[in-house]
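Asks: So you can see what is in the structure, the chains are spelled out below.
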Amino acid sequence: MAVDMQIAEGMQGTEEAVPQEGALRLAADVFLENKLALASAIMIVLIVLFCFVGPHIYHTDQIHTNISNANQPPSRAHLLGTDDVGYDQLGRLMVGGQTSLEVALGAAAVAVVFGVLWGAISGYLGGLVDGIMMRVVDAILAIPALFLLLFLAAITVPSVGTLILVVGLIAWLIPARLVRAETLSLRTREYVEAVKVMGGGPTRIVVRHIVPNTIGTVAVNATFQVADAILLVAALSFLGLGIPPPAANWGGMLSNGLNYTYSGYWWLVYPPGVMIVLTVVCFNFIGDALRDAFEVRLRRR
Amino acid sequence: MTGEQAPVLEVEELQVDIALRRSTVHAVDGVSFSIGPGETVGLVGESGCGKTTIGLALMQLLPVGGSIVGGAIRLEGRDVAALPEDEVRKLRGDRIGIVFQDPLTSLNPTMTIGAQVAEPLVIHRGASMRVARGRAAELLELVGLPSPTKQLDRFPHQLSGGMRQRVSLATALACEPALLVADEPTTALDVTTQDQILELLARLRAEIGMAVLLITHDLGVVAGQADRVLVMYAGKLVEAGTTNRIFYETRHRYTEALLRSIPRMTTSREEALYSIPGQPPDLSRPPRGCRFAARCAYSTEECLAEVPPFVGPPEHVHACVHPVEQATAVGSQSQVAP
Amino acid sequence: MTGYVLRRAGQAVVVLLLVTVIVFLLLHELPGGTARAVLGPMATKDSIAQFEKQHYLDKPLPVQYWHWLDSVLHGDLGFSYNQNESVAQLLSERLPKTVLLAGVSVVLALLIAIPLGFFQALRRNKPVDYAFTGLTFIFYSTPAFWLALILITVFAIHWQIFPAQAPQGNFKDIISHPEGMVLPVATIVLVSVAFFSRYVRSSTLENLLQDYVRTARAKGASTKRVAYRHVLRNALVPVVTLAGVALPFVFAGTLISEEVFNYPGMGLLYYNAAVARDYPVLLGVTLVVAAATVIGSLLADIGYALLDPRVRYTKG
Chain A
272 MAVDMQIAEG MQGTEEAVPQ EGALRLAADV FLENKLALAS AIMIVLIVLF CFVGPHIYHT
332 DQIHTNISNA NQPPSRAHLL GTDDVGYDQL GRLMVGGQTS LEVALGAAAV AVVFGVLWGA
392 ISGYLGGLVD GIMMRVVDAI LAIPALFLLL FLAAITVPSV GTLILVVGLI AWLIPARLVR
452 AETLSLRTRE YVEAVKVMGG GPTRIVVRHI VPNTIGTVAV NATFQVADAI LLVAALSFLG
512 LGIPPPAANW GGMLSNGLNY TYSGYWWLVY PPGVMIVLTV VCFNFIGDAL RDAFEVRLRR
572 R
Chain B
361 MTGEQAPVLE VEELQVDIAL RRSTVHAVDG VSFSIGPGET VGLVGESGCG KTTIGLALMQ
421 LLPVGGSIVG GAIRLEGRDV AALPEDEVRK LRGDRIGIVF QDPLTSLNPT MTIGAQVAEP
481 LVIHRGASMR VARGRAAELL ELVGLPSPTK QLDRFPHQLS GGMRQRVSLA TALACEPALL
541 VADEPTTALD VTTQDQILEL LARLRAEIGM AVLLITHDLG VVAGQADRVL VMYAGKLVEA
601 GTTNRIFYET RHRYTEALLR SIPRMTTSRE EALYSIPGQP PDLSRPPRGC RFAARCAYST
661 EECLAEVPPF VGPPEHVHAC VHPVEQATAV GSQSQVAP
Chain C
64 MTGYVLRRAG QAVVVLLLVT VIVFLLLHEL PGGTARAVLG PMATKDSIAQ FEKQHYLDKP
124 LPVQYWHWLD SVLHGDLGFS YNQNESVAQL LSERLPKTVL LAGVSVVLAL LIAIPLGFFQ
184 ALRRNKPVDY AFTGLTFIFY STPAFWLALI LITVFAIHWQ IFPAQAPQGN FKDIISHPEG
244 MVLPVATIVL VSVAFFSRYV RSSTLENLLQ DYVRTARAKG ASTKRVAYRH VLRNALVPVV
304 TLAGVALPFV FAGTLISEEV FNYPGMGLLY YNAAVARDYP VLLGVTLVVA AATVIGSLLA
364 DIGYALLDPR VRYTKG
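Residue numbers (our numbering), protein chains in the order written: chain A, 272 to 572; chain B, 361 to 698; chain C, 64 to 379.
No lab work stands behind these hints, which were simulated from the structure alone.
Watch out, some of these pointers could steer you wrong.
Derived pair list, reagent style DSS-like, types lysine-lysine, alpha-carbon separation capped at 25 Å [said to hold, decoys possible]: (1) C:Lys122 - C:Lys108; (2) A:Lys306 - C:Lys189; (3) B:Lys450 - C:Lys189.
Okay, chain A solo, but in the shape it has when bound:
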């Protein structure tokens, strides 16, 4: 019975050593075993190709509007029809994807770099400094990201760059917490003591010994950050505070299209939504699979 299996699996009774596997090998195994993760990875590659290579194959004008051609259903000239100012919808989907992916990946990168540094320093130094640094994290975390973004968007005019910064500066909080927790547990390990004895200074210890061991946790989190960022930007656009046209992004396209839900212009409503869900789901599946794999590794330490 299934429950049996699961409970039996729990028992680590034997001394017969299960071979310890390296992190990279483990990650590779994840993709080989978890079909969902593998499919997601392939899907993401396809999406990236669609967004960045697509426009070179399927040329459209995304700068000049053409009102007389607005809201056309799919045809040979426009494979997914046109939107309310005449832009080709399929082409806009590709270009919009570029923006959405750039902002999401950029924000995740900013979040990871800043968060890892903050968390590692805080965890390593410990004591009062750690206390203060973590309370700051808690304070910013207490404010819902959307609230903060709305506020910031109300003050500034969003562009790709500012969005990356803004989303990234909100997203660094979770990696910081995770890395700090790992650092706390790592800094008492013997090999850290060994480096100290060898005369290694704090910077060396943090950068070359502690941070690399948090890669697993950080990688998992970064994947989720990308997924969250895409949704956040979409929500912002929906609320009218995203990047203004002619720049495109999926969230903006979706919120635009929603004005026409009852007009039956399905090509304005579904494609951007589907792209968002598809991309976000893939990143979530991958992150989830990675998390399963790394948690197991942590247990076997």
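Given the coordinates of chain A, assemble chains B and C onto it according to the supplied hints.
Replies: Chains B and C only, in chain A's frame:
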């Protein structure tokens, strides 16, 4: 000793395989022994030799991937290896009790001591929790826990390591099993506590008279507690006999090496500690002949050709082609540290 | 346990103070100067001057902060010139409604997620597990506003079971029209279930690997007994803290849900204020939401301390 009364446990040519991701480990390869009522049998060997696997196999508690692929396990006459899961479940905790190595992780952190000790009685005797807890208090007293009734409502983390191990013992004994399996019961404890637990075991054996299978890598533990000793190496038994004979009339070269590697009070400071050179064989591809031959100073072609048979009188058998000669047995020369 | 609680409470106080500092700094960074931003583009020079004096804007920052904090603690969260009401008044009308929406959603989401995550763990990597993972993840990955609109299209327009707009009016009106709450709650629940169920699944899996499971089996416990009497309790203990962590996420979902369904709660208030650049409201709501999150987290942590005997029965 064994003989007139029917044995509590009879293991016959037991074979256990563990399926790993890329290979299959033959963890136990044809092991046979028996335990009579009231007997304490020590099963010794280094890590990875398969002794814990045997202990788990007795209760069909092998981890995922592990399975009994041959042989029989007769507990009070019934072949446990052939029984379906729900039949085996009735025996677990009732006719056979087990104490594990790590007392902290073996206990449920969010359940009271009383509930945990009482549980086997609730499961197997249909007792209500209230009644079972009363019996649990008696059991806790039996294992030497101070203020037993107070302990009933405490949680594992509130007890010391030694106390927790007593709790584990009490739980294993709750239904008065015919056989107690103790898997490295003292390894996770400090030396003083080890002594206390071993003393407790001895006392319980005298008072209750149950059979005990004591699994350990520590020969000192075995010396003080066991009536008979089984020495295991790389999935097979290599020597079996009464404790005295194993220690003072050692025959198998592996047992000899094991005894030699115990640090002694009499060893001078300048002498290096003896350790057996080499590594145990890979059990996914076991060697044809004697499994210890690769590390044995006395091995010859004959040893590598095929597995040596057991020879010797029933109360002391060994499977070695070039055993220790009587006069030079290590144990007879110097004191074995307890 | 008292030590743990005191420490957490102390931390919560510090965090709250930091939140007030952040909000204050944001107040200070408003475009065009605080006075003009609050009073609006139509403000006269006189009124600006008066505002500045009233709010000590000519004094050094720490002094401003002190006065501001003082007035906040006395219940004065500013005045919305846009809505012509004090922020505190607006909040007292809207807060209970949002608490209702968020509260019901969280409870419902947990009621679904806990059994779901638990069973998924027991049937790990079987088709059922994959199926539910796929399903919950898809909902989790869907933009809430899109999901809301799909729900409206299907259930309000196509099948006309539930209304497309949430009940308006005061708290009593809302409670007496529960059918209007169904879609807004459903939106938030569908999006949040995956978040919680994943955690429960993870926690359960972790517990299934623990030694005490083996001990329970060794006592002859049936797999059912092991699952429900041993594993479930241990797996749920950390879920309480999860509820605390999830609050910001839930509030964000509430904001979107309120906007789409026109539900007169704090989220909608915030959104309208953002569009209108009504800064006192924005800041007042942020402060209250953040404070609620911090306190909610603290309560969740205390709940955890009560549930986990390892924390409850430890000295300090």
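Asks: Hints first: check each against the structure and report whether it holds.
Replies: Evaluated hints:
Between C:Lys122 and C:Lys108 the CA atoms are separated by roughly 19 Å; this keeps the pair inside 25 Å, and the hint holds. Taking the CA atoms of A:Lys306 and C:Lys189, the gap is about 12 Å. The hint holds against a cut of 25 Å. Using a Cα cut-off of 25 Å, the hinted pair B:Lys450 and C:Lys189 is violated, with the two alpha carbons roughly 28 Å apart.
The structure is inconsistent with hint 3 alone, although it conforms to all the rest.
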